[in-house]
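Novice: Okay, here's what each chain looks like letter by letter:
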Amino acid sequence: MKITKLIHSAALLAVFIAGAAGAARAADKVSMGFIYVGPKDDYGYNQAHSEGCAGVQKLDWVTAVEEASVPETTAVEEAMRDMIEQNKATVLFPTSFGYFNPHILKLAKDYPKVQFFHCGGMWHDGLPDNVGSYFGYIDEAEYVAGIVAAESSKSKKLGFIAAKPIPQVLRNINSYTLGARSVVPAATVQVIFTGDWSLPVKEAEAANSLIDQGVDVLTCHVDSPKVIVTTAEKRGIMCTGYHANQSVLAPKGYLTGAEWNWSKVYADYADWVHSGKSLMAGTIPHLIRGGLKEGFCKVSPYGPLVSDQAKADADAAKAKFMAGTMVIYQGPIKDNTGKVVIPGGTGLKQTDIDLEKMNYLVEGVLGSTGS
Amino acid sequence: MTSTATITLTAPPGAAPEPPAGRRWRTSLESVAIPAGAMLVALLLFGIFCGLAGASPFSVYYSIYRAAFGSWYAFQNTLIRAAPIMLCALCTALPMRLGLVVIGNEGALVMGGLGTVLVGAYWVSAPHYVALTAMALAGMLAGGLWILAVGAMKIYRGVNEVISSLLMNYIAIAILNHLVNGPMHDPSSLNKPSSFPVPDANALGNIPGSRVHFGLIYGIVACLITWVLIEHTSFGFKVRMIGGNLRAARIAGLPVGKISLLVCFLGGAAAGLAGMAEIAAVQGCANESLAAGYGYAGILVAFVGRQHGLGVLLVAILLGGILASGGMLQRQNHLSDATVLVFQGLVFLVILYSESLYGRFKFFQERTHGHQ
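Top line first, the protein sequences correspond to chains V and S.
Position 192 (the first sequence) corresponds to 192 in my numbering; numbering is contiguous.
Position 112 (the second sequence) corresponds to 112 in my numbering; numbering is contiguous.
Please note that a few of the clues may not be correct.
Stated by the list, open to error - The calculated EDC-like cross-link candidates involving lysine to aspartate or glutamate, where the alpha carbons are at most 20 angstroms apart (straight line), are:
| # | chain 1 | residue 1 | chain 2 | residue 2 |
| --- | --- | --- | --- | --- |
| 1 | V | Lys40 | V | Asp196 |
| 2 | V | Lys109 | S | Asp200 |
| 3 | V | Lys29 | V | Asp271 |
| 4 | V | Lys113 | V | Asp28 |
| 5 | V | Lys349 | V | Asp335 |
| 6 | V | Lys202 | S | Glu288 |
| 7 | V | Lys293 | V | Asp268 |
| 8 | V | Lys106 | S | Asp200 |
| 9 | V | Lys157 | V | Asp268 |
| 10 | V | Lys320 | V | Asp268 |
| 11 | V | Lys357 | S | Asp186 |
Think of the hints as simulated: they come from the structure by calculation, not from any bench.
Starting from the given sequences, assemble the full structure and let the hints guide the process.
Specialist: Dropping the structure here:
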């Protein structure tokens, strides 16, 4: 009896030591958790983040777990908690905009040693030290896509299907329109707001109605552009994409698109954490942002219908962004009711806080913000 | 009132007053064995599905157990998810006992949330408990009136309550969107339009020693009240009578309209209270996250729980557990995010199907010589 007991405890001890050693080895690794509000393969917002996660998973010193289709309720708090408690995650990327307040802020207080990075740029002084934000100026890529769209269009009527008239979305619509009208001054962008981030039926109806009105290039700002892109292709018109690359859904009509490049951003964060930097020590900035130049976003490769002229004009604009000399919001800019919103001589750079409060549609956009 | 005797027999099983337990053990066993058997069948089917998806069924079962019920830590996750579903389920379960199929739970929850914000975000100087009481009353009132309207349209104008309550969900969500983008809009909520927040000092806290908010207590108490009210009071008897045979109830002289409206109000108030807890304990303000689908989950729970207060309580916890296991299935077993929905669907389908098995097994028939 005694001997078997001894063997048992020895075995237990061995298991324990092995486990501890394993834990020590694992500690050298950076353990990350990613949470998405929708499915990982939505050809849109969530896929863009999941591709970013796949990018860092390739690094052998990173372990990353994912959870998809997590609503913006207590469910996301539980998902974060489980990743911290069960997967020993020390770095979390809860990616949906609505996760931030109150869910991330609540958990950040419970777990002061875990770093929470949130997509959306909502961090400000006074919030927990272990919370950081990142966001990209993807409207730069929209500007370039607008150029391609306008030069490819025959009717010079572009269509934009958007979820809600909030600043982020309005900025994309406006930049797209300014890009389009920089090369084709007569181009118009008809906008339709569906009212929510994921309403496939309404998105398809909007796409069909825009096409019936003579629009021949469609784009969008909704969570998943899949329905819109496939509808455009089926109806034989062109489209530009958003969030991720949708060219496989529309091999003929996909012109280009504005894509996130989260794998770059996530790899940077992983690098920083791996080298011992942290939000709490102040060695990782609480707010990082960037556009094409910083590699936060990119422009999809041009599709077969894009003319050499359009490519040249788009590449020229892209080069200016890469050089940091491009200012999209260079006055005078009027809104579509004729009111001057940015006076002549004033140029709002991408970092300008006024652009974050955008509540107008520029001249050339057909539609209204509705509030 | 001789007609009432026949009506109690047509009331749903478990509703009739029970004779002493010793004499009815076969029936009691039946009501445990059939749901338990259904659960086993559902697990078996789900195991086959997981096997086809390339995961070991047993490790999947273990994950579900571990994530939902395996420890106090895990069980809290289950309870957190069960709390709003419990309250929402009553919004279908109560009117169902009258024979009305109300599926406006989501709308009642949203309206309850809006009522809560109207009080909580604007009466910020109220003392903690006064504020909480006022918010709860406002939430229940808003949700209650919402479903009362469904009942009134049915009783006085003959409008089909299934359709009207479903459509009223969309109206409620549209009102929510309008208010948070317009009159209630907090200008600091730029990219996620929200109402002004309920001050932190007036937030609904957690049950001491846990991370589960007090909404769970609301839910449990509401289910118990429903059980007592419907199964053990003369008011409940009248409700069941209306549900069992409307004409007989009218002939017996019951105030059908009044009772129906009151029950609809109570159902809506329960869902409205769920909205109150979402605002006061979770979200802090009203925005699109309020319509998170708890209402629709509640419909399912009400049907599976056989519109019975205690049934709803247990099934809501079961569904909470299923939802809680979703994360583990993704992170541990590398199954897709939709797997948990497949599991949920299988469990509920099989349980609903098993309803048709009552009375089919000879073993469970009572052997007494009395009336059958």
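Novice: Can the restraint linking V/Lys40 and V/Asp196 be considered satisfied, given a maximum Cα separation of 20 angstroms?
Specialist: holds, 19 angstroms
Novice: Run the distance test for V/Lys157 versus V/Asp268: straight-line Cα separation, threshold 20 angstroms.
Specialist: This hinted pair is violated, its Cα atoms lying about 40 angstroms apart.
Novice: Can you confirm whether the C-alpha distance between V/Lys349 and V/Asp335 stays at or below 20 angstroms?
Specialist: holds, 18 angstroms
Novice: Between V/Lys106 and S/Asp200, does the CA-CA distance stay at or below 20 angstroms?
Specialist: holds, 12 angstroms
Novice: Holds or violated: V/Lys320 and V/Asp268, Cα atoms, limit 20 angstroms.
Specialist: violated, 24 angstroms
Novice: For the pair we were handed, V/Lys109 and S/Asp200, check the Cα-Cα distance against 20 angstroms.
Specialist: holds, 14 angstroms
Novice: Do the alpha carbons of V/Lys293 and V/Asp268 lie within 20 angstroms of each other, as the hint requires?
Specialist: holds, 15 angstroms
Novice: Need the status of pair V/Lys29, V/Asp271: alpha-carbon distance at most 20 angstroms?
Specialist: Measuring from Cα to Cα gives roughly 11 angstroms; hence the hint holds.
Novice: Is the straight-line distance between the alpha-carbon of V/Lys202 and that of S/Glu288 20 angstroms or less?
Specialist: It holds: about 17 angstroms lies between the C-alpha atoms, which stays within 20 angstroms.
Novice: Is the Cα-Cα distance between V/Lys357 and S/Asp186 20 angstroms or less?
Specialist: holds, 13 angstroms
Novice: Compare the distance between the alpha carbons of V/Lys113 and V/Asp28 with 20 angstroms, and conclude whether the hinted pair is satisfied.
Specialist: The hint holds at about 16 angstroms.
Consistency note: the structure conflicts with the earlier hints numbered 9 and 10.
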